[in-house]
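Trainee: Now that you have both chains on their own, put them together as the hints suggest.
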Amino acid sequence: MANDVKPRVRVPKSAKAGESIVLKTLISHPMETGLRKDSSGAVIPRAIINRFTCEVAGKMVLDMTLEPAISTNPYIEFEAVIEEAGDIKFTWYDDDGSVYEDVKPITIA
Amino acid sequence: MQPRTIRNVLAASVALGLAVTGMASADPVDDELIIDGDLKIVTQAPAPEHLQDVMDTIWSGWHFREDDTRAMQMDDFDNPGMIFVDRGLDRWNASMGTEDKSCASCHEGPESMKGLRAVTPRVDEATGKVMSIEDYVNDCVTTRMGAEALGMTSAPMKDLLALISMQSRGEIVNVAIDGPAAPFWEQGKEMYYTRYGQLEMSCANCHEDNYGLNIRSDHLSQGQINGFPVYRLKDAGLVTARQRFVGCVRDTRAETFGSGSDEFKALELYVASRGNGLAVEGVSVRH
Numbered sequence: 001m002a003n004d005v006k007p008r009v010r011v012p013k014s015a016k017a018g019e020s021i022v023l024k025t026l027i028s029h030p031m032e033t034g035l036r037k038d039s040s041g042a043v044i045p046r047a048i049i050n051r052f053t054c055e056v057a058g059k060m061v062l063d064m065t066l067e068p069a070i071s072t073n074p075y076i077e078f079e080a081v082i083e084e085a086g087d088i089k090f091t092w093y094d095d096d097g098s099v100y101e102d103v104k105p106i107t108i109a
Numbered sequence: 001m002q003p004r005t006i007r008n009v010l011a012a013s014v015a016l017g018l019a020v021t022g023m024a025s026a027d028p029v030d031d032e033l034i035i036d037g038d039l040k041i042v043t044q045a046p047a048p049e050h051l052q053d054v055m056d057t058i059w060s061g062w063h064f065r066e067d068d069t070r071a072m073q074m075d076d077f078d079n080p081g082m083i084f085v086d087r088g089l090d091r092w093n094a095s096m097g098t099e100d101k102s103c104a105s106c107h108e109g110p111e112s113m114k115g116l117r118a119v120t121p122r123v124d125e126a127t128g129k130v131m132s133i134e135d136y137v138n139d140c141v142t143t144r145m146g147a148e149a150l151g152m153t154s155a156p157m158k159d160l161l162a163l164i165s166m167q168s169r170g171e172i173v174n175v176a177i178d179g180p181a182a183p184f185w186e187q188g189k190e191m192y193y194t195r196y197g198q199l200e201m202s203c204a205n206c207h208e209d210n211y212g213l214n215i216r217s218d219h220l221s222q223g224q225i226n227g228f229p230v231y232r233l234k235d236a237g238l239v240t241a242r243q244r245f246v247g248c249v250r251d252t253r254a255e256t257f258g259s260g261s262d263e264f265k266a267l268e269l270y271v272a273s274r275g276n277g278l279a280v281e282g283v284s285v286r287h
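Line order of the protein sequences matches chains A and B. Just so we're aligned, residue 1 is where the first sequence starts under the numbering used here, counting upward by one. Just so we're aligned, residue 1 is where the second sequence starts under the numbering used here, counting upward by one.
The hints are simulated quantities; they were obtained by calculation from the structure and are not laboratory data. Idealized CB from N, CA, C, for every residue including glycine. It is possible that part of the hints are untrue.
[To be verified] Straight-line Cα separation of at most 16 Å, EDC-like style, residue types lysine to aspartate or glutamate; simulated pairs:
#1 A:89 to A:38
#2 A:24 to B:125
#3 A:24 to B:178
#4 A:59 to A:87
#5 A:24 to B:76
[What the hints assert, rightly or not] Sample of chain B residues facing chain A (criterion: CB under 7 Å; computed from the structure):
#6 77
#7 236
#8 277
If we strip away everything but chain B, and leave its shape as in the complex, we get (with noise of 0.2 Å):
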């Protein structure tokens, strides 16, 4: 009687599962990033080419939060994150180091910056180095400003950061993998399917194969890294992709590479070129 009993029950989760699993599985949220009214920013997109066998949309992370959380990022008083895009003119216009020169010496207006956050990280052609925002910061903050390098996660970095981003909040990311940029993506791209740490776990298995599901109570993105700097609730401050990859990575309970290391400059490299065809969102918002 009781496995018949336990037959009935299970036969009936199944059938009603079907029904449930489209709200439970809990797909990326069909909704639209509008920002004050009037800058749509574009959150989905078809996955580029080289991510076409393994999935056909590539969403923005803002997809995946809750209602209140995106509706913070649709309204810049809102979002908390413009706070540091505020304190990053501050700073782009005070001078430091021994040759008394500021950002705006140079580069006049954080305008000029424009564009750069979506092709970011990039290979320089005169170092052949993977070069990220804070690289270029830190190259002008020790080579032509005369001042100690910033840390890498530091506040002032991360305001700078938050600043320069947001000159191109809207353009598409459209990062270049070919050409000297090749072996960089492709070490990259092992990382981002190798296992690390004593949960064995990769990139891919939560972002590529899982996400849309829920892990515990965390509703699982792509890991799309174009909202990057994000203020997030959960720390009241800000996180760049960096830091993400040395959370993500610690989280597999594995010692992380340093936000500053060359594994972790190829695998941003990586993940940006997954995300080729969203919009860079500047400053974005997420739990």
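Chain A with its partners taken away, still in its complex shape (with noise of 0.2 Å):
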């Protein structure tokens, strides 16, 4: 399923420095759990994004652990105080290695 990974993000194209912006992230994904069973009844061995990170012209704004209960196609929303211009990169860790990431540039208004 890694290559029909695909991330998408909302990010403003400027801001004011210390204005805090609504960022949104949204990545195709199964999401396996690794708790269901095929119809030989063999598990499905789990698959999922166990990790996601966000950085601001290279400061760690958010660092999060995803758990097997996240749905498919997660959806991640938040909030962060831009204090320059610069890239914000958002990064997705896969269970099976894969690392997708996507990045955005802000300019300060």
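Mentor: Here is the structure:
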């Protein structure tokens, strides 16, 4: 499934220094819990995104652990205070070792 | 004494009923679908001519959903279906098959597909067959790209369908029902009014006779397909019109037709024509 994974983020183009902005992220991922069985009774192995991080201009603002109960296509929305212009980097870590990234620049208005 | 009490209660509930049904029968919600604050989508329209004996107004299924579900479709980021559109674009540009061609090799950008969703299914002049977007995709994949046909409801097919459908968002559905389409349209209409399954229910029993009412906890819509493919919150994934047909017929406890069957192609043509006048929603959100 790993090649079907596609992240999507929404970041405002600019913010005032010190302003708190809303960041929205969505990633397509099956988030297989590891608790389900297939039709032959075999356990379907767990395959989830287990960690999500967000860095603003090189500074970590969010480091989140995801658990198996989180839904398919996880949507994560949060706020961050923007002090300076730079890149906002979002990173998702998959159980299978894959890492998905998206980077959006933000300027200070 | 007791019979009178019951009669009184009945009388009281009949009197109240008039007032209550206004809310409980839950007519389509009066609301406007405006996406990202600037793209207005036509979600209610006068019924097309062939439907005028049975209904006055056609409503997109969007009007029958809860406030928060409707709100998700009003913002392209909150609409989880858009991620499949993004994936569709990746697939559009990726080559496959022995010819080493991608969709983009011949068609360039997906914008070249603008308008297609609004006029399909349609009858192909060369072959005389009913073609919807899935059929066109598989025609290209097998005859021009030298690859195996995509599964009718496979992830790559649905991603491409979402991408192609989005190019016509806002355009008014106008499916041809005359000329070469007429026999297929008649076949679809026949199916629409045929009772299937152990429950002996036709499409019309729910979506024409009883839309606006609740079937258990579900608010019955008119069964319009202008919003397809839809992102169903229940499935956390895209659902195509053909898939929905399979689901509906299965729910009548019938053996269903296949998602690629000629029967469902005809039905899709007929059901699409019932929405002539509504806008293509690209990728919609339903529960």
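Trainee: Give a verdict on every hint.
Mentor: Results of checking the hints against the structure:
no., hint, result
1, A:89 to A:38, "37 Å, violated"
2, A:24 to B:125, "46 Å, violated"
3, A:24 to B:178, "47 Å, violated"
4, A:59 to A:87, "10 Å, holds"
5, A:24 to B:76, "12 Å, holds"
6, 77, "4 Å, holds"
7, 236, "4 Å, holds"
8, 277, "32 Å, violated"
Checked against the numbered hints given earlier, this structure breaks hints 1, 2, 3 and 8; the rest are met.
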